[in-house]
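K.L.:
Can you make the complete structure from the sequences, with help from the hints?
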Amino acid sequence: MTNQQNVVVVDVKPHGGVKPPLSLPVAKSFSPQDLKLLLMKKRFETENAWVLDSMRASSPTRISNPTTTSLPETDVKSSWIVHHPSALNMFEQIVIASKGKQIAMFLDYDGTLSPIVEDPDRAFMPREMRAAVRDVARYFPTAILTGRCRDKVYSFVKLSGLYYAGSHGMDIKGPSKSCKDNNNGKQGVLFQPASEFLPMIDEVYKALVEKTKSISGAKVENNKFCVSVHYRCVDEKSWATIAEQVRSVLNHYPKLKLTQGRKVLEIRPTIKWDKGRALEFLLEALGYNNPNDVLPIYIGDDRTDEDAFKVLRDRGLGFGILVSKIPKETNASYSLQEPSEA
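Heads up: the sequence shown runs through residues 1 to 342, numbered per UniProt numbering.
Please keep in mind that the hints were generated in silico from the structure rather than gathered at the bench. All of these numbers come straight from a predicted model, not from anything done at the bench. Glycine residues also receive a C-beta, built at the ideal position from the N, C-alpha and C atoms. Just so you know, not all the hints are guaranteed correct.
Said to hold, decoys possible - EDC-like, lysine to aspartate or glutamate: derived pairs with alpha carbons at most 16 Å apart:
1. Lys206 with Glu221
2. Lys211 with Glu244
3. Lys255 with Glu196
4. Lys152 with Asp121
5. Lys152 with Asp119
6. Lys213 with Glu244
7. Lys257 with Glu203
Said to hold, decoys possible - Derived DEER-like restraints, expressed as beta-carbon distance ranges:
8. Lys99 with Lys213: 55 to 65 Å
9. Val209 with Glu329: 28 to 38 Å
10. Glu92 with Val209: 46 to 56 Å
11. Ala97 with Ile271: 25 to 35 Å
12. Asp235 with Val95: 41 to 51 Å
13. His83 with Arg247: 32 to 42 Å
14. Ser176 with Ile326: 32 to 42 Å
15. Lys257 with Ile326: 20 to 30 Å
P.N.:
Structural data, given as structure tokens:
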């Protein structure tokens, strides 16, 4: 990768060659125990129309295929599962593919490690899931890639041995502990390709808070290098108003763009950076430039995770796993059910 500004890289070694046991029960839903077992084993009018469509779709889009739309829902799901089988059922294939390679884990947060909740400030990680991630990180290099502010996610997860990539990968930092210095005495990984946009993002955040304060249920979140406007608790009749207010602010900032996730509109810098590029950066920072040495596994539930899934598919490298209860268009190889809300 050529963009190396604001980068500090440590020489990260594989996790001691520790190999976990190899047995896996079949499960129907995605739970903390599933994660532990699976992973430890080897945009008014025309201008705003697309925003409203995307808001209703609540990404990623459900699968839409002329050959399947007339089929009963169960048949559609069965057809989809054929192409995106359960990762739990494909465990033996994953084990075979990992032979002689270091597994590297990449995890989304909201909707994957934590349930989707009405208040984004209360998207807490269940204790069981935290324990599973902690155990996984003992054996494999593990990173959390999220649209959230890196510091916010860390306050949820509270595991120092992980790599955290906040703001859709625009704010990356390595483990704060158990990380040896390299020859230059530099520690961890730090990468912020959009640092020049910080003042602009702060301006947009303040403007959107003011613009949306009269819309019941709307919540604006400053995620450091991006701004999120949550509308999960907003009446659908007010969605057009939210889209209009967001666009009215964004029109003054040509260097920013609008994207969407699950019941959230996001304003980001127009740089060529996303979770897919963040994944590539992390692999390089970890020293896995040779695809024959590593098996990356990425688990996520949102449209923003598709960038990472696509990187893996295009490179024929590792596996993307989509967390979803319903068939959706995806570049992921495998699927898992939604995380438990218990």
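K.L.:
For every hint, state whether the structure bears it out.
P.N.:
Results for each hint:
1. Taking the CA atoms of Lys206 and Glu221, the gap is about 10 Å. The hint holds against a cut of 16 Å.
2. Proximity of Lys211 to Glu244 is assessed by CA-CA distance (about 10 Å); at most 16 Å being required, the pair is judged to hold.
3. With a C-alpha separation of about 11 Å, the suggested pairing of Lys255 with Glu196 holds against the 16 Å cut-off.
4. Distance hint between Lys152 and Asp121 is fulfilled; the C-alpha atoms sit about 9 Å from each other, no more than 16 Å.
5. Between Lys152 and Asp119 the CA atoms are separated by roughly 14 Å; this keeps the pair inside 16 Å, and the hint holds.
6. Straight-line distance between C-alpha atoms of Lys213 and Glu244 comes to about 14 Å, which keeps the hinted pair within the 16 Å bound.
7. As the CA atoms of Lys257 and Glu203 are separated by approximately 15 Å, the hinted pair is consistent with the 16 Å bound.
8. At roughly 56 Å, the beta carbons of Lys99 and Lys213 sit within the given window of 55 to 65 Å.
9. Roughly 33 Å separates the CB atoms of Val209 and Glu329, a value that falls within the hinted 28 to 38 Å.
10. At about 51 Å, the beta-carbon gap between Glu92 and Val209 stays in the expected band of 46 to 56 Å.
11. Between Ala97 and Ile271 the C-beta distance comes to about 33 Å, which sits within the given range of 25 to 35 Å.
12. Against the hinted window of 41 to 51 Å, the Cβ-Cβ separation of Asp235 and Val95 comes to about 48 Å, which satisfies the hint.
13. A hinted range of 32 to 42 Å for the beta carbons of His83 and Arg247 is consistent with their spacing of about 36 Å.
14. Here the CB-CB span from Ser176 to Ile326 is close to 38 Å, well matched to the stated 32 to 42 Å.
15. Checked against the hint of 20 to 30 Å, the pair Lys257 and Ile326 passes, with Cβ atoms roughly 28 Å apart.
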